[in-house]
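Build the full structure now, drawing on both the sequences and the hints.
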Amino acid sequence: MIHPSAIVSPKAKLGANVKIGPFSIVHDNVDIGDNTVIESHCEIGYPSALAGDRPLVIGANTLIRSHSIFYAGSTFGERLMTGHRVTVREGTVAGVNLQLGTLCDLQGDCTIGDYVRFHSNVHIGKMSKVGNFVWIFPYVVLTNDPHPPSSVLQGCEIGDFAAVATMTVVLPGVKVGAHSLVAAHSMVGKDVAPSTVVGGAPAKYLCDTVKIKLKDGTDRPAYPWTTHFRRGYPDSVTAGWDAPAE
Amino acid sequence: MIHPSAIVSPKAKLGANVKIGPFSIVHDNVDIGDNTVIESHCEIGYPSALAGDRPLVIGANTLIRSHSIFYAGSTFGERLMTGHRVTVREGTVAGVNLQLGTLCDLQGDCTIGDYVRFHSNVHIGKMSKVGNFVWIFPYVVLTNDPHPPSSVLQGCEIGDFAAVATMTVVLPGVKVGAHSLVAAHSMVGKDVAPSTVVGGAPAKYLCDTVKIKLKDGTDRPAYPWTTHFRRGYPDSVTAGWDAPAE
Amino acid sequence: MIHPSAIVSPKAKLGANVKIGPFSIVHDNVDIGDNTVIESHCEIGYPSALAGDRPLVIGANTLIRSHSIFYAGSTFGERLMTGHRVTVREGTVAGVNLQLGTLCDLQGDCTIGDYVRFHSNVHIGKMSKVGNFVWIFPYVVLTNDPHPPSSVLQGCEIGDFAAVATMTVVLPGVKVGAHSLVAAHSMVGKDVAPSTVVGGAPAKYLCDTVKIKLKDGTDRPAYPWTTHFRRGYPDSVTAGWDAPAE
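Keeping their order, the protein sequence lines are chains S, Y and E. The first sequence runs contiguously to residue 1303 in our numbering. The second sequence runs contiguously to residue 1303 in our numbering. The third sequence runs contiguously to residue 1303 in our numbering.
To be clear, the hints were calculated from the coordinates, so they are not data collected in a lab. There may be inaccurate statements among the hints.
No distinction is drawn between identical chains; accordingly, a pair holds when it is met within one copy or between any pair of copies.
[Unchecked claim] Simulated pairs of lysine to any residue, SDA-like, Cα-Cα distance not exceeding 25 Å:
id, residue 1, residue 2
1, K1183, K1247
2, K1247, G1257
3, K1070, D1248
4, K1183, C1264
5, K1247, P1206
6, K1076, V1114
7, K1076, V1231
8, K1186, S1207
9, K1232, T1253
10, K1183, P1278
11, K1270, G1230
12, K1232, T1132
13, K1268, N1118
14, K1232, V1209
15, K1268, V1209
Structure follows, in structure tokens:
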């Protein structure tokens, strides 16, 4: 299951049925769960001073696609799934079934809930707190430094089920409320109320999310999105979600 | 022509004089044209459920630079040229002499015309339709979901010879007209008329493209850009373009 | 010190104690200083027509992290330090102790001073001139073409100690003054006066930098940032900086 060209430390802890692809490197301080696949050209458990003795812990049934780099010192629940060329630094603590798109860049020292989806090329600054079932789209940046450069770090908070659309910056310390939507190309400088839509630079209140209509011909509300979008979530989770409005 | 460290499936169809660089992987379902160069650390024909049985077809005389990843299920005309770390997913159908800059991310299920140039780090959402001779600059995103997350996909259309400048988002379903220019850092929420300049967030009409003067000391019109910029196009194509204004 | 899987040209000039990681490639025309570490999956001295005979010169005590690509034809002072997947093209001339974050994309033909820090995913267009002690944050683009596509290149200039915050575009030919701050998500279309804060799209004067208070409980000025932030600079340099206001 380990490709002959891969370089795997004898100190690495690999669960049952773990596969390691060609030209990948697995360092000492890692603990990889059963049935996990690490594809080609990856570097797993990259050692660093900031990680110290903390291992990289990856839950079972994970898929890490090619060219990805994970530092030591982070923890992921089961069923992590990544795109290609993901970078994850020290101190990231994530729940189950996180999806990280191609080119995502997690700076570490952050917490991420369960069933979160980051699309391609999302940048998560240190000290960010991301809730459960959150969606973040390409080229979104969660910042942390109110007056760069400095050593003052104020992480953002993204509430459960919130969606942050592409090319948006969330300023340091801002809280994006649960079930809210931040429109594309926004600069969010103050807290976003739950179940509201904001947009612009600086982002302003546009409407309540319930006002957005689903463009599938039915004209029913598009939010909460859990009423119509369930792809990729297990039935055990979506069973508790609202049925679509009739 | 195949580096000894490369891993090439015996099922892959390679044309005459194809070169495969060190540490690259070529999967089963690919058909690569004559005289094509695949550099180092690439992954070509990445298999996926979405690709199904569709092969990756790459035209002759192509150059794929190092660290690039192409999924199965896409088709490219002759003389494709890429930068490094390009990602191309299933269902991309492109014409001849496409240029993809470093870090471009094509999500698949899109069509791209002939002689298109994407600069670095362009993100093309599914269902996009890109015409011929289009230019798209770094960190531009062509979106597709009018109320993310959902399963409703409304692709953008970019007309022939249009140029979309850096850090611009084009919203779902928007049509950018032929020979138009979208200014940098714009958010395009409605259709752009042909041969006009739009900019801002939301993008508004600024002027007709003919009003932009070329800053080369001549003060002649900068658009249509075909009157002054021909680098990288074959003479057989540019012979039909307008001569510069006297 | 050279991993057996690495491919290193016998023509490459390597200083004392240079380390080359697994699956990395070092081409002919490079001159690498003493004690430098090139990690895994890198490509160093990529040959190109634009580089011509110019070598890639990397100063001593450098760290190039994994998956990075440096073209021939550039020069770096001592103690260069990069993140992962950096791309640097021909004609880049940089001073000492440059830091390039993960995914930075330097297009070449640019000059960069001493002790400059680029965070992740910074895009530096050709003809840019970056001063000393500059900070540039993620997804910033320094542009150069006033009417794309064209062959007219007007590089930006970023003054000493300036900070350009995330997701900002600097338009061609614009000069950002010394000790200034460009706020996040800005589009800078005209010159920025020294020691001022600008923001927005288009960016406008917001205040003098001295008006920004440091959010560390002291309420002292956050700028010049040299009064409170010295991490990563040698004592020999910071000894000359202002002490914090009492």
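Hint check results:
1. K1183 / K1247: Classified as within; 19 Å inside a copy, 32 Å across copies.
2. K1247 / G1257: Both ways: K1247 and G1257 sit 12 Å apart in one copy and 16 Å across, limit 25 Å.
3. K1070 / D1248: neither (42 Å within a copy, 55 Å between copies)
4. K1183 / C1264: Neither, since 30 Å and 28 Å both go past 25 Å.
5. K1247 / P1206: Both: 21 Å inside a copy, 23 Å across copies.
6. K1076 / V1114: within (16 Å within a copy, 28 Å between copies)
7. K1076 / V1231: This pair counts as neither: shortest intra-copy Cα distance 40 Å, inter-copy 43 Å.
8. K1186 / S1207: Both, since 20 Å and 24 Å are each at most 25 Å.
9. K1232 / T1253: Within one copy, since 13 Å is at most 25 Å while 28 Å is not.
10. K1183 / P1278: Intra 35 Å, inter 24 Å, cutoff 25 Å: inter-copy only.
11. K1270 / G1230: Classified as between: cross-chain Cα gap 16 Å, same-chain 31 Å, threshold 25 Å.
12. K1232 / T1132: Within one copy only: 24 Å inside a chain, 44 Å across chains, cut-off 25 Å.
13. K1268 / N1118: neither (39 Å within a copy, 52 Å between copies)
14. K1232 / V1209: within (17 Å within a copy, 28 Å between copies)
15. K1268 / V1209: between (38 Å within a copy, 17 Å between copies)
In terms of the numbered hints stated before, the structure departs from hints 3, 4, 7, 13, listed from lowest to highest.
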